[in-house]
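Undergrad: Chains A and B supply the protein sequences, listed in that same order.
So in this note's numbering, spot 7 of the first sequence is number 7, and the numbers just go up one at a time.
Numbers in this note's numbering are just positions in the second sequence, counted from 1, shifted up by 335.
It is worth saying that the hints were derived from the structure and are not from the lab.
Watch out, some of these pointers could steer you wrong.
[As the list claims (entries may be wrong)] The following label-pair restraints were derived from C-beta to C-beta distances:
| # | chain 1 | residue 1 | chain 2 | residue 2 | range |
| --- | --- | --- | --- | --- | --- |
| 1 | B | 430 | A | 297 | 31 to 37 angstroms |
| 2 | B | 599 | A | 297 | 16 to 22 angstroms |
| 3 | A | 38 | B | 430 | 25 to 31 angstroms |
[Stated by the list, open to error] Keeping only pairs whose Cα atoms sit at most 20 angstroms apart, straight-line, the calculated SDA-like set for lysine to any residue is:
| # | chain 1 | residue 1 | chain 2 | residue 2 |
| --- | --- | --- | --- | --- |
| 4 | A | 322 | B | 568 |
| 5 | A | 323 | B | 515 |
| 6 | A | 323 | B | 502 |
| 7 | A | 121 | A | 286 |
| 8 | A | 121 | A | 289 |
| 9 | A | 49 | A | 109 |
| 10 | B | 488 | A | 87 |
Backbone N, C-alpha and C fix where the C-beta goes; we use that ideal spot for every residue, glycine too.
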Amino acid sequence: MHGDHAPATSAGPAGPAEPSASGQSSFDRVIAGDGRIEPRDEMPDDYRKSLIRQISQHAHSEIIGMQPEGNWITRAPSLHRKAILMAKVQDEAGHGLYLYSAAETLGASREDMMQALLAGKARYSSIFNYPTPTWADIGAIGWLVDGAAICNQVPLCRASYGPYARAMIRICKEESFHQRQGFEILLTLSRGTPAQHELAQEAVNRWYAPSLMMFGPPDADSPNSAKSMAWKIKRFSNDELRQRFVDMLVPQAQALGLTLPDPDLRWNAERGHYDFGELDWSEFKAVLAGQGQCNVQRVEHRRRAHTEGAWVREAAMAHAAKKAARQQQSARGAA
Amino acid sequence: MTPQLVSATAPNGADHAAVPSSRQADMADMADMAEYLLWLGDDALVSAQRLGEWITNAPELEEDVALGNIGLDQLGQARALLSYAGELLGRNEDELAYFRDDVDFRCTHLVSLPRGDFADAVVRLLLVGAYSEQLYAALTTSADERLAGIAAKAIKEVRYHVEHAAGWAVRLGDGTDESHRRMQDALNRAWPYLDELFDPHPLTDHLDGIAVDPATLKEPALQRITAVLDEATLTVPATQRVAGGGRDGRPSEHLGPMLAVMQVLARAHPGASW
Ligand SMILES: [Fe+2]
Ligand SMILES: [Fe+2]
Numbered sequence: 001m002h003g004d005h006a007p008a009t010s011a012g013p014a015g016p017a018e019p020s021a022s023g024q025s026s027f028d029r030v031i032a033g034d035g036r037i038e039p040r041d042e043m044p045d046d047y048r049k050s051l052i053r054q055i056s057q058h059a060h061s062e063i064i065g066m067q068p069e070g071n072w073i074t075r076a077p078s079l080h081r082k083a084i085l086m087a088k089v090q091d092e093a094g095h096g097l098y099l100y101s102a103a104e105t106l107g108a109s110r111e112d113m114m115q116a117l118l119a120g121k122a123r124y125s126s127i128f129n130y131p132t133p134t135w136a137d138i139g140a141i142g143w144l145v146d147g148a149a150i151c152n153q154v155p156l157c158r159a160s161y162g163p164y165a166r167a168m169i170r171i172c173k174e175e176s177f178h179q180r181q182g183f184e185i186l187l188t189l190s191r192g193t194p195a196q197h198e199l200a201q202e203a204v205n206r207w208y209a210p211s212l213m214m215f216g217p218p219d220a221d222s223p224n225s226a227k228s229m230a231w232k233i234k235r236f237s238n239d240e241l242r243q244r245f246v247d248m249l250v251p252q253a254q255a256l257g258l259t260l261p262d263p264d265l266r267w268n269a270e271r272g273h274y275d276f277g278e279l280d281w282s283e284f285k286a287v288l289a290g291q292g293q294c295n296v297q298r299v300e301h302r303r304r305a306h307t308e309g310a311w312v313r314e315a316a317m318a319h320a321a322k323k324a325a326r327q328q329q330s331a332r333g334a335a
Numbered sequence: 336m337t338p339q340l341v342s343a344t345a346p347n348g349a350d351h352a353a354v355p356s357s358r359q360a361d362m363a364d365m366a367d368m369a370e371y372l373l374w375l376g377d378d379a380l381v382s383a384q385r386l387g388e389w390i391t392n393a394p395e396l397e398e399d400v401a402l403g404n405i406g407l408d409q410l411g412q413a414r415a416l417l418s419y420a421g422e423l424l425g426r427n428e429d430e431l432a433y434f435r436d437d438v439d440f441r442c443t444h445l446v447s448l449p450r451g452d453f454a455d456a457v458v459r460l461l462l463v464g465a466y467s468e469q470l471y472a473a474l475t476t477s478a479d480e481r482l483a484g485i486a487a488k489a490i491k492e493v494r495y496h497v498e499h500a501a502g503w504a505v506r507l508g509d510g511t512d513e514s515h516r517r518m519q520d521a522l523n524r525a526w527p528y529l530d531e532l533f534d535p536h537p538l539t540d541h542l543d544g545i546a547v548d549p550a551t552l553k554e555p556a557l558q559r560i561t562a563v564l565d566e567a568t569l570t571v572p573a574t575q576r577v578a579g580g581g582r583d584g585r586p587s588e589h590l591g592p593m594l595a596v597m598q599v600l601a602r603a604h605p606g607a608s609w
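Whole structure, please, built from the sequences with the hints as guidance.
TA: Here it is, written out as structure tokens:
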């Protein structure tokens with residue numbers, strides 16, 4: 001999953017000072033030559049901060065995204081589906097871990113990033129503030145949300161910052177499994193009993209527009225995008241990626257035997273793309289502003305898990321310290 | 336005493352003139368075999384279901400991943416065992432998992448206890464793991480080749496689960512005052528349910544060379560457990576056992592509510608595929 005390219009509300013921790021003139025020109029050369037910036041390379045402070053913001057938002061999205069799907073682990077309707085879902089939610093935890101590590105290479109600390117999330121100061125993808133009332137939502141999330149994430153993330157495999165690009169290569173492979181699994185869930189439901197078909201259609205009706213909004217506001221309203229594109233962190237605009245996603249969805253929806261809920265959706269031979277209707281951005285903004293059905297619940301859940309686990313983390317540190325002290329003592333005794 | 340497959344009490348080579356026709360014997364054997372597979376499969380399924388409740392609730396992200404892994408292993412074991420039982424009973428794994436009531440499950444009470452805190456999870460993983468480690472090790476030489484195959488895969492997984500639980504037991508037992516107290520409390524809560532795992536049962540006598548007499552697993556499993564508890568500076572509780580009855584259709588009070596959640600969707604759409 002991926003952030004919404006929302007305006008940042010918190011800057012990352014201060015990195016080192018601006019690079020020297022020679023450092024700056026080597027940075028520019030690498031970017032111009034489509035090369036990779038690595039952790040030890042000099043980089044402009046803005047570039048570093050912008051990356052920390054984007055990568056940590058992305059990591060938080062993976063972690064918060066575990067909840068709407070985790071909601072169905074105990075109720076998955078077959079053992080086969082239960083196993084796939086457990087593995088998927090576990091993959092998302094893994095994605096969060098790789099991404100926090102990538103952000104750490106820029107000088108951010110996992111503890112600070114986590115605290116920002118728990119304090120409600122850090123953003124994560126708004127899509128996870130929508131609820132999963134039915135099993136079909138697990139199919140719709142896999143197909144549409146993981147699907148949109150892939151469209152967003154495949155270009156990030158070529159992002160200019162090496163550790164981020166490498167994390168994305170690994171993550172994208174797994175996301176494409178997730179999308180296929182979501183598609184399969186919907187296909188089985190669509191071809192199942194009338195009640196199951198209805199569940200699938202109803203879930204697609206709810207998730208379609210929010211998944212299109214995952215690409216962020218229209219280009220004209222996306223102030224952060226230009227800079228990210230100049231730095232080759234981002235390579236396609238929000239609207240380009242959204243179009244690509246819609247073009248991919250239409251034939252897949254036909255294969256599923258499900259309807260995409262947009263009366264304006266039609267092939268435009270002139271453009272060679274599907275035209276689609278206006279999205280209701282006021283709803284997107286309301287969810288982004290905290291008024292989605294699950295905004296409060298998602299952060300609260302993470303906060304509770306973190307708080308309930310505090311004694312475990314403290315004990316692990318205390319034990320490690322005791323062990324180190326004992327080893328030191330026995331080493332002294334032996335000397 | 337080392338764990339062993341149930342051995343025949345009749346002298347070797349004795350002719351069983353009194354046995355019923357071989358067809359009836361086969362059917363009785365099949366029912367016994369299925370019942371035994373349900374013991375093992377239901378323990379694994381119910382453990383996996385409880386671990387599933389941990390995902391997104393673990394004390395750190397690494398542990399969400401680890402508990403998920405262990406749950407997935409257990410779920411895999413459950414599916415192999417229930418599929419096999421299902422073939423003998425003419426039902427599939429999902430019919431057995433989703434369309435049996437609590438009184439038809441054959442799991443022990445320990446695995447169905449409510450999730451509790453992380454100390455409860457660690458303790459249960461250690462106790463059930465130490466039992467399973469002995470069980471599956473012994474079953475690798477079962478005369479039933481398919482069960483032996485399932486055990487050979489499971490034993491590798493379970494060894495890792497016990498290692499994982501032992502690591503946490505030591506860190507938490509010998510960590511802070513609070514973690515020590517929580518671990519000891521969790522151990523005290525779980526301990527009365529431990530004995531049920533090792534209760535002898537007539538069923539295993541009927542499955543000569545195929546099943547394991549649970550009583551023979553007790554000593555080596557307890558050795559493993561107490562070694563970990565020693566290192567963790569925890570005390571073996573002196574509490575008495577409780578009655579159990581999970582193998583005989585007297586499930587814990589907690590199993591019903593757990594199954595109500597697990598089965599709700601499948602039962603709302605009988606006959607549907609997913
Ligand atoms: Fe992911
Ligand atoms: Fe995913």
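Undergrad: Next step is simple, just say for each hint if it's right about the structure.
TA: Verification of the supplied hints:
Against the hinted window of 31 to 37 angstroms, the Cβ-Cβ separation of residue 430 of chain B and residue 297 of chain A comes to about 35 angstroms, which satisfies the hint. Between residue 599 of chain B and residue 297 of chain A the beta carbon distance is about 21 angstroms. The supplied range of 16 to 22 angstroms therefore holds. At roughly 55 angstroms, the beta carbons of residue 38 of chain A and residue 430 of chain B sit outside the given window of 25 to 31 angstroms. Restraint check for residue 322 of chain A and residue 568 of chain B: the C-alpha separation of about 13 angstroms stays at or below 20 angstroms, so the hint holds.
A threshold of 20 angstroms between alpha carbons decides the hint, and for residue 323 of chain A with residue 515 of chain B the separation of about 16 angstroms falls inside it, so the pair holds. The straight-line distance between the Cα atoms of residue 323 of chain A and residue 502 of chain B is roughly 13 angstroms, inside the 20 angstroms bound, and the hint therefore holds. The suggested pairing of residue 121 of chain A with residue 286 of chain A holds, with an alpha-carbon distance near 17 angstroms, which does not exceed 20 angstroms. For a cut-off of 20 angstroms, the pair hint linking residue 121 of chain A to residue 289 of chain A stands: about 12 angstroms separates their Cα positions.
At roughly 13 angstroms between alpha-carbon atoms, residue 49 of chain A and residue 109 of chain A fall within 20 angstroms of each other, so this suggested pair holds. With a C-alpha separation of about 19 angstroms, the suggested pair residue 488 of chain B and residue 87 of chain A falls inside the 20 angstroms cut-off, and the hint holds.
Checked against the numbered hints above, the structure breaks only hint 3 and satisfies the rest.
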